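Sequences are here, hints too, so could you generate the full structure?
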Amino acid sequence: MTAPTDRAVPDDATLREVALTRDEYHLAFDLLDRAPNAVELGIIGGMWSEHCGYKHSRPLLRRFPGTGPRVLIGPGQENAGAVDIGDGLAIVMKVESHNHPSAVEPFQGAATGVGGILRDIFTMGARPIAILDSLRFGSLDDARSRFLANGVVGGIAWYGNCVGVPTVGGEIQVAPCYAGNPLVNAMCAGLIRHEDLTSAAASGPGNPLILVGTDTGRDGIHGATFASVEDPEASHRGVVQVGNPFMEKLLLEACLEALTTGGVAGLQDLGATGLTSATIEAAERGGCGVTIDVARVSRRADRMTPYEVMLSESQERMLVVAHAGREDEVRAVFTKWGLHSDVIGHVADGHDVRVTEGSVNVAQLPVSMLVDAPTYEFPVERPAYLDDVQRLNVDELPEPVDLSGTLLTMLASPNIASRRGVYRQYDHMVGTHTIGPPGGDAAVMRIKGTDRAVALCTDGNARHCYLDPFHGGAMAVAEAARNVSCTGATPLAITNCLNFGSPEDPAVYYQLARAIDGMTAACEALGTPVVSGNVSLYNESSDQAIWPTPVVGMLGLLERADASCGIGFGAEGEIVGLLGDATPALDGSEYLAVVHGQVAGAPTIDLDAELAVQALVRDLIEARLLVSAHDCSDGGLAVAVAESAFAGGIGVDLELDSRQERDDVALFGEAPSRIAISATAAHWAAVEDRAAAAGVAVHKLGRVGGDRLRIGPIDVALDEAHRAWDQGLNTALAGRQPSG
Amino acid sequence: MRAAVIVFPGSNCDTDTHHALSHVMGVPTDLVWHATPSLDGYDLVVLPGGFSYGDYLRTGAMAAQARVMRAVREAADRGVPVLGICNGFQILLEAGLLPGAMLPNACVEFRCEWVHVRVETRRTPFTEATDVGRVLRMPIAHGEGNYVADHETLDALHDNDQVVWRYSDAAGRRTAGANPNGSVGDIAGICNARGNVVGLMPHPERCSETALGGTDGRLLWESVLARVAA
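For the record, the sequence lines run as chains A and B. Residue numbers for the first sequence follow this note's numbering, so the first one is 8 and each next one is one higher. Residue numbers for the second sequence follow this note's numbering, so the first one is 623 and each next one is one higher.
Don't read these hints as lab results, they were simulated from the structure. The model shown is predicted, which means the values in this text are computed figures rather than measured ones. Warning: the hint list may mix true and false statements.
What the hints assert, rightly or not - Here are the computed distance ranges between Cβ atoms for each label pair: (1) G345/A with S660/B: 20 to 30 Å; (2) A751/B with D349/A: 28 to 38 Å; (3) R756/B with V408/A: 45 to 55 Å.
Stated by the list, open to error - Reference listing, derived: stretches of chain B covered by chain A, where coverage requires no fewer than 3 residues with Cβ under 8 Å from a Cβ of chain A: (4) 673 to 684; (5) 727 to 741; (6) 825 to 833.
As the list claims (entries may be wrong) - Residues from chain B shown here face chain A by an in silico Cβ test under 7 Å; the list is partial: (7) P631; (8) G632; (9) N634; (10) G701; (11) A763; (12) E766.
The C-beta atom is built at its ideal place from N, Cα and C for all residues, glycine as well.
Structure representation (structure tokens):
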């Protein structure tokens, strides 16, 4: 595209403020056939930001499978995806990032991240039943990282507890690459009857647009564009929003009650870019235009300009499209809940978004232009760093003499230690759906009034993705599915959040493309389509990109809630075994990082083996042959069986697989597609029979019992090991040195 | 027999409590809006947990001024069993229906976990079907459960047998590790002088079904149902 040289172009500072390139400005000019005014420029910048417009990721995201027999609403259609769980019920779910705000103000950044994802769910008419949070921080040896981690956990607790939606799962991982750019991904799942699914469409010309909730202030202007540039620390502080969970609770109850009146035609939450994207996306879904009068928007600051009103990201606001003539009935519900509402405009004929201030036109833009951001595709070229990091010579690694001590070190390390100190700050029981609480492989939520339950988890191992983006992406999906399968649930669908560095860096673009390919391969193999998601790019600080971090949120279904399985050993004499015979290796393992200080190797996955082992464990659980099932992943076999022992409060005595030359590899080596199980002696033969019939290897390792962890050369008291594991993360978060 | 569960803006254990009473215990139960002027016809009134009015100002302080609280007071005066759970307990304190006040937990964090409490008296409608010394396992979920009162109040609570539950270990021993919030005297729940108005921090509605990991909460419901039926 060649721009006319005589065209006046805003200066660089102006374009930077709205996150548009010079070429994008020219494109906008050409599409309009005139210069956009300042308000229009802000609207275009917001809608074309990476956060709203997915301009670097949209072509790649099309590779994800988004359909399936259980998919009611797939990706990109509404604010979240919806999956059929039988009995006329559906789970609505999505995960979204709030990384950049959390880097600046962790408490409010995380809190408003929770608020935003809750609104994405109840805007569909669903009642949120579970929150999960996937978090990444720099090394907890660093005071700044501890401040961020404690602030984020505090913000999640403050918001979720007050709203009354249980926080039931998630992950916390630490690695130095997140020091300047922590990740806060919040996932929410909501429950709804199929016929109650509500669209965020502004349709029916003449239907009034009602803005409800908090009054609009100057907070958060440019939040979306802020999230689409590098180095959050260098950016402005004023863009971080402040949450009000009580207001969110009122909004949640009022919206769900308003929907029961039948007077609501559409419901859309206000998130990034506030009124701008809310009205424009709703107009696009409805195939209509919209007219908004900013003078009718209640403010909490004086002399706000139309630009500020349109781009404010004040929290806890919703846009209600009412059926014409029924607005009073709808507004009465909000009044009952003590909420203010303003009729700010209406659905219009045509296909333009028109913004006025009183009778003065301040912006008029075609909806199609705004929702179709320019996209960028780059060649996918394998970066040179992969050859370096994938090299791993295990023979050069000294094997620890005291493997019992190594187990204690592993158990106390921040990526493996118990998360109890964190999740006990979260109300994980409110709603009385939680029958599989935090601490297991996946949260299990019963569905009242049915025999069913759903299992939910988040997973994503960025170290694996850094070492091999394709296999790492596939392994994230596979591990999430395995975690759900270990409860007995059948994996149905995923939502995902893709956290990456700058896509303009060829190495990052390669990571993004290959991780998506790997996730796609796993989703297709496991039959779990992607129903929703979010992309967070430009996660960099001081020119260092984070590791590629795709986070997978998995939904599984248990036909019988009472058949769900936990991770804890039950009683003396039970037989412990390992399903799957993938060869453990140190590539990309937690052990390699914690004990040898190395991030190296090339982790891989065989998706056929993965599918088989998951199907087998579900079959064994459904047949009620297992006492426990636990994903054998981070920390390898030794950590997995230790966790099952802690959960059961009983020791274990196991032999090691003699095929491994090195004990440390057998104990702490990792491989996907492995599940540690226990079964009563009476059931063991049946377990072996079913495994044989399924063509899956099962190794008998030993028995449950006693008060020690005896795993090959390891022999340590259960309570000593438990203490190390239970206190490890608390100690790190408090900045204390581990004791003993 | 008919039960009322009061709904304040920000209550979030209202439907859980309704579920436990109506679907688990089979008691006809209504969710009653905070602007309701009368609770005539109800045999049991429950103030549920949550964050009424966002817990802004002080926990329970704004809800204590809600219109329905006059009706709660009248019901209490008539001898109707009134139970305040968690935020409901905080509201009863702020309304003056129970003595004392709450501070933030000594650990300065929200705590959601299972705890043990020991039954201290059978004189309330919620404990008369159990035994003194019996240990119940129930979940807590609060940031401000650190009960305090002045010496005279504490003496009066003791002398009048108004301490209903104290935190303990599984064996019923009062140990330092068993008290999750630093409350004075390990107090988990108290009653008024008459015994019919009871507040506690643990959540019986979260442990009324096997699927939820425990059923000791049913003992409170069974006890009050027996009282009302008698």
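These are the hints, each one checked on the structure:
no., hint, result
1, G345/A with S660/B: 20 to 30 Å, "holds, 22 Å"
2, A751/B with D349/A: 28 to 38 Å, "violated, 54 Å"
3, R756/B with V408/A: 45 to 55 Å, "holds, 52 Å"
4, 673 to 684, "holds (count 5)"
5, 727 to 741, "holds (count 5)"
6, 825 to 833, "holds (count 5)"
7, P631, "holds, 6 Å"
8, G632, "holds, 5 Å"
9, N634, "holds, 2 Å"
10, G701, "violated, 30 Å"
11, A763, "holds, 5 Å"
12, E766, "violated, 12 Å"
Consistency with the previously given hints fails for numbers 2, 10, 12, ordered from lowest to highest.
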